[in-house]
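**Q** One line per chain: the protein sequences are A and B, in this order. Taking my numbering, the leading residue of the first sequence gets 24, the next gets one more, and so forth. Taking my numbering, the leading residue of the second sequence gets 224, the next gets one more, and so forth.
A few of these clues could be false.
Derived BS3-like pairs (lysine-lysine); straight-line CA-CA distance at most 25 Å [said to hold, decoys possible]:
1. A:Lys29 <-> B:Lys672
2. B:Lys691 <-> B:Lys314
3. A:Lys184 <-> B:Lys737
4. A:Lys184 <-> B:Lys786
5. B:Lys514 <-> B:Lys633
6. B:Lys537 <-> B:Lys514
7. A:Lys31 <-> B:Lys314
8. B:Lys520 <-> B:Lys314
9. B:Lys737 <-> A:Lys182
10. A:Lys31 <-> B:Lys817
11. B:Lys476 <-> B:Lys520
12. B:Lys817 <-> A:Lys29
13. B:Lys609 <-> B:Lys633
14. A:Lys185 <-> B:Lys737
15. A:Lys94 <-> A:Lys170
16. B:Lys520 <-> B:Lys697
17. B:Lys454 <-> B:Lys545
18. B:Lys314 <-> A:Lys29
19. A:Lys31 <-> B:Lys719
20. B:Lys786 <-> A:Lys182
From the derived model, a few chain B residues whose C-beta atoms are all more than 12 Å from chain A [as the list claims (entries may be wrong)]:
21. Arg477
22. Pro517
23. Glu601
24. Pro662
Simulated from the structure, these hints should not be mistaken for lab results. Here the structure is a predicted model, which is why all the values come from computation and not from measurement. Backbone N, C-alpha and C fix where the C-beta goes; we use that ideal spot for every residue, glycine too.
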Amino acid sequence: MTYIAKPKLHHPALTHNAAGFTRRDYEGTISTLCAGCGHDSISAAIIHACFELNIEPHRVAKLSGIGCSSKSPTYFLGNSHGFNTVHGRMPSVLTGANLANRELIYLGVSGDGDSASIGLGQFAHVMRRGVNMVYVVMNNGVYGLTKGQFSATADRGSKSKKGAVNQDSAIDLASLAILMGATFVARSFSGDKTQLVPLIKAAISHQGAAILDVISPCVAFNNHAGSTKSYDYIREHNEAMNRLDFITGQEPITADYAPGTVTDVLQHDGTTLRLRKLAEDYDPSDKAGALAHIQERAAAGEVATGLLYLDPLPRDLHEGLNTVAAPLNSLPDEALVPGRAALVKINAGLR
Amino acid sequence: MTIRGNDLQPTDIRNPSYFHKVVDCQWACPAHTPVPEYIRLIAHGRYDDAYMINWKSNVFPGILGRTCDRPCEPACRRGRVEDETLSGSRKEPVAICRLKRVAADFKDDLTGRLPKPLPSNGRRIACIGGGPSSLTVARDLAAIGYRVEVFDEGAKLGGMVRTQIPRFRLPEEVIDEECGYAVGAGDVVVHQTRVNSLKDMLGEGFDAIYVGTGAPRGRALDLPGKTEGEKNIHTGIEWLANVSFGHFTTIGKRVIVLGGGNTAMDCCRTARRLGGEKVTVVVRSGFEEMKASPWEKDDAIAEDIPILNFLAPKSFVVEGGKLVGMMFEPVKAVYDDKGRRDLVPTGESDRFIEGDDVLVAVGQENAFPWIERDIGLEFDRWGLPKLDATTFQSSLPTVFFGGDAAFGPKNIIWAVAHGHDAAISIHKHCEGESLSERPAPGVTVISQKMGIHEWSYDNNVAIDPRTKVPHLAKEAALKNIRAEVELGFDVALAVKEAQRCLNCDVQTVFEGPKCIECDACLDICPMDCITFTPNGEEAELRTRLSAPATNFEQSLYVSPALKTGRIMVKDEDVCLHCGLCAERCPTGAWDMHKYFLEMTHAGCRS
Ligand SMILES: Cc1cc2nc3c(=O)[nH]c(=O)nc-3n(C[C@H](O)[C@H](O)[C@H](O)COP(=O)(O)OP(=O)(O)OC[C@H]3O[C@@H](n4cnc5c(N)ncnc54)[C@H](O)[C@@H]3O)c2cc1C
Ligand SMILES: Cc1ncc(C[n+]2csc(CCOP(=O)(O)OP(=O)(O)O)c2C)c(N)n1
Ligand code: SF4
Ligand code: SF4
Ligand code: SF4
Ligand SMILES: [Mg+2]
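Chain A on its own, in the form it takes in the complex (with noise of 0.2 Å):
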């Protein structure tokens, strides 16, 4: 906890991006978190992701539900709106909000305990539905507002800070959005921003469910020898299966690479993903593929991080339902309330 307010005062160099905003123009209120906090360091990240990618704050919308992971949105983009909602409930609001208004820009937040526990279901059906949106889970593999219990993502074996021992196996929150449609899954590092800051980046340009299972250590219950969600122990294990490098507009590829190990793909939005290969056989785009690679390495106890999953070509939420494209507070009351007579014949159609 820190009493001072961050200064306003700021680097001289400090510039303006695009949309006329420095980055610390998307910062919130300090933040209430434990020091050294991974979450912080995510909150960091997508500062930096929103900066660069000239997003007026107004047009991003954060949902959260319960824990210090769900607390972050209050500490970064204070412009932006935002919603805390019950635990593991935020993707029904999110999905709500997402149909209510598709011109925003969806930021889920969310922890392991939040998502891998209570929102287990509500996790599964937000994939599977396709809502165009980033969903971050801040995974420190314990409850870290509650002080330190086990998460449903923490390891069969790892110990916790008191030193018992973990005996039930962990869920894999990256594998299961795959499984469920997820269609751009990766998983990162909060220790690691050159890898998080463009995939967060890519991942907002993805016009469908995108999910970041960030790796996320708790400096307070779960930093110790015994954890597999340190600094120290991620930093040993982490494998990258590919860096990547978030391209706007059409550039060449200026860096020597070697033949093979460089891949770009185009996305709807005109914004490219340009990635460079580190794990030999490993296709991000092949969704079997990637299942069986990443329990390969978790077998091998390795974790394995970069982008693990994109279909290029997402079916979004709102294409299955045929639901009007403007925003529903931009239309007029009669669009929004029909009246009497459309209801008689909607009711009809149903006879």
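Given chain A, put chain B with the ligands in place with the hints provided.
**A** Relative to the frame of chain A, chain B with the ligands by itself:
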């Protein structure tokens, strides 16, 4: 990871000058006054303590708090980090100088605070000249048991501070008080005599002689009409002394002041007070290149004194035996390919400016007519004594120089700094020690941590613009030559201004082995000072930091390799010393340590 050829070496923070340099103001102050420490004391209402810190370092806090050339202020970090849109004003330093005056104005009786001299060591030192540099030597040496004999031709001590600086900038009582403290430091005897022969002095049996006779001669301007107009053409510094002594009490209604330095500013403002109604300053160079401090120019302009630039004086115009004005030739600045400036006529016709009196303030010179040239004391081709630049020893081992007499006219704070250094040399000389080994400064390091997020200094950063010093209304000021124009800060203004200081002496200290590379410090830092990155060659590394580090004057703080093989690099340039890095660090790898650094003076052990 091993360090490669051009990689940066880890910073050695045990070297006292590393963190000293981070305290920009103290580093820039010739006497290295611990500025942030006294500013905090002022904020806490501890004026006596604030005064004593100053007194130890710069001897004349009340005088300097009104007149110092303040080299600390252009160096002040605040002037680099302010945001014009937040403060609604341009980037400005802390009013370091005027806060010094606050300490002097609000202190209590200092009896009991001033140190008692050590018992006599039987040695005798002569100080020739009674200006600030001699008085510094006298204070430092008398305090450690020397008998110091000061020789000055004037009736009162203070040198040019007394005779040239006008009373509307510096009241007499302040000079009396602080010269009093200096000579009160021990066995100091003042002889009101002019020294006419150094040879004779050398025969008086002094253990060492200090020459602090200043740069007493005003440069004259030989132009046509000078002899005819003589009566109304004055040399600035002499005229000011005559006004100071009460010999001159009036001047013509139209006055021309020649020169762009501080003396010219004092001349024109003094002339306004002696009845000059149309006083004009005429300068050969441009406004920006004038030697006068910006605030002195502002003060002159505020007293309705126009400053005309790019006019070279051509002749004094005398009609019927009386000076009526001067002719000037318009010039412009031309730069050669080496960037050297030359002032050349523009070709426009000459310009006549009316004047009943002319004050010539075009420079000061050293003169040592009383030093024989056959006694072994060597002079250089500019007529200045040949000196060792750090010890101030002349070619005669018992004779030392300092202040304006050493390297030509400078200012009070340099005179004081020279005095301290010369006193160290004199003491070492008397002790038979090597003069070239200078004492290291005294450093005290105290962690500021009080609780997890509590510090024993106020780490909140104020965004207020610089506080203006209230001035006496112009009408009242111009009526009375002894009325001080600047009224000084009151307590409320002083506290407000003190809050602007960033506590640059509270240092960010990094302990690499504790760091878990969580990025918390890097993410919180408002100024993007911190980076974790692979090592490299400095110039290249500076381009790939969180924010480019373009100010090469400022150091990079570099850690040894961390666990991941990267290094921590902190650009000291714009750090606010807000302590947020240390607050957000989970392991205490960052801590805030107050580095209190004081120069070691003669006879004190560091
Ligand atoms: C008009 C004017 C305004 C100034 N304003 C400022 C200002 O605002 N701030 C600032 O920092 N500086 C200012 N200065 C400069 C400052 O006054 C000097 O740099 C400073 O006083 C130098 O100190 P000093 O001890 O070397 O010598 P001085 O102050 O010059 O003292 C030398 C003393 O030695 C005496 N002396 C000389 N020869 C002999 C001899 N043979 N025997 C005995 N006594 C002798 C002189 O009479 C004099 O009293 C100003 C200077 C002038 C001329
Ligand atoms: C309905 C409900 N059940 C239980 C809780 C108690 N609770 C608060 S936070 C939390 C777990 C949070 O874990 P996670 O989502 O991993 O967040 P973290 O604090 O670790 O970031 C629980 C169980 C609650 N707030 N509401
Ligand atoms: S902010 Fe304070 S400590 Fe820092 S340079 Fe300025 S006066 Fe000195
Ligand atoms: S004290 Fe720390 S957080 Fe504050 S500006 Fe300096 S480096 Fe940044
Ligand atoms: S906050 Fe502390 S532990 Fe974390 S990176 Fe900074 S110095 Fe290292
Ligand atoms: Mg958790």
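**Q** Assess, step by step, whether the Cα of Lys537 of chain B is no farther than 25 Å from the Cα of Lys514 of chain B, and give holds or violated.
**A** 21 Å, holds
**Q** Given the hint that Lys94 of chain A pairs with Lys170 of chain A, does the C-alpha gap stay at or below 25 Å?
**A** 15 Å, holds
**Q** Starting from Lys454 of chain B, check that the Cα of Lys545 of chain B is at most 25 Å away, please.
**A** With a Cα-Cα distance of about 9 Å, the restraint between Lys454 of chain B and Lys545 of chain B holds, given a limit of 25 Å.
**Q** For Lys31 of chain A and Lys719 of chain B, compute the direct alpha-carbon distance and say whether it is at most 25 Å.
**A** Status holds; Cα separation ~18 Å.
**Q** Between the alpha carbons of Lys520 of chain B and Lys697 of chain B, is the straight-line distance 25 Å or under?
**A** Measuring from Cα to Cα gives roughly 15 Å; hence the hint holds.
**Q** Would you mind confirming whether the straight-line C-alpha gap from Lys184 of chain A to Lys786 of chain B stays at or under 25 Å?
**A** 22 Å, holds
**Q** Run the distance test for Lys609 of chain B versus Lys633 of chain B: straight-line Cα separation, threshold 25 Å.
**A** 17 Å, holds
**Q** Non-interface claim for Pro517 of chain B: all C-beta distances to chain A beyond 12 Å?
**A** 21 Å, holds
**Q** Given the hinted pair Lys29 of chain A and Lys672 of chain B, is their alpha-carbon gap at most 25 Å?
**A** Status holds; Cα separation ~18 Å.
**Q** If you draw a straight line from the CA of Lys691 of chain B to the CA of Lys314 of chain B, is it 25 Å or shorter?
**A** Holds. Lys691 of chain B to Lys314 of chain B sits at ~14 Å (cutoff 25 Å).
**Q** Minimum Cβ separation between Pro662 of chain B and chain A greater than 12 Å?
**A** 37 Å, holds
**Q** Could you grab the alpha-carbon distance between Lys817 of chain B and Lys29 of chain A and see if it respects the 25 Å cut-off?
**A** At roughly 21 Å apart (the allowed maximum being 25 Å), Lys29 of chain A and Lys817 of chain B satisfy the hint.
When held up to the earlier numbered hints, the structure conflicts with none and fits them all.
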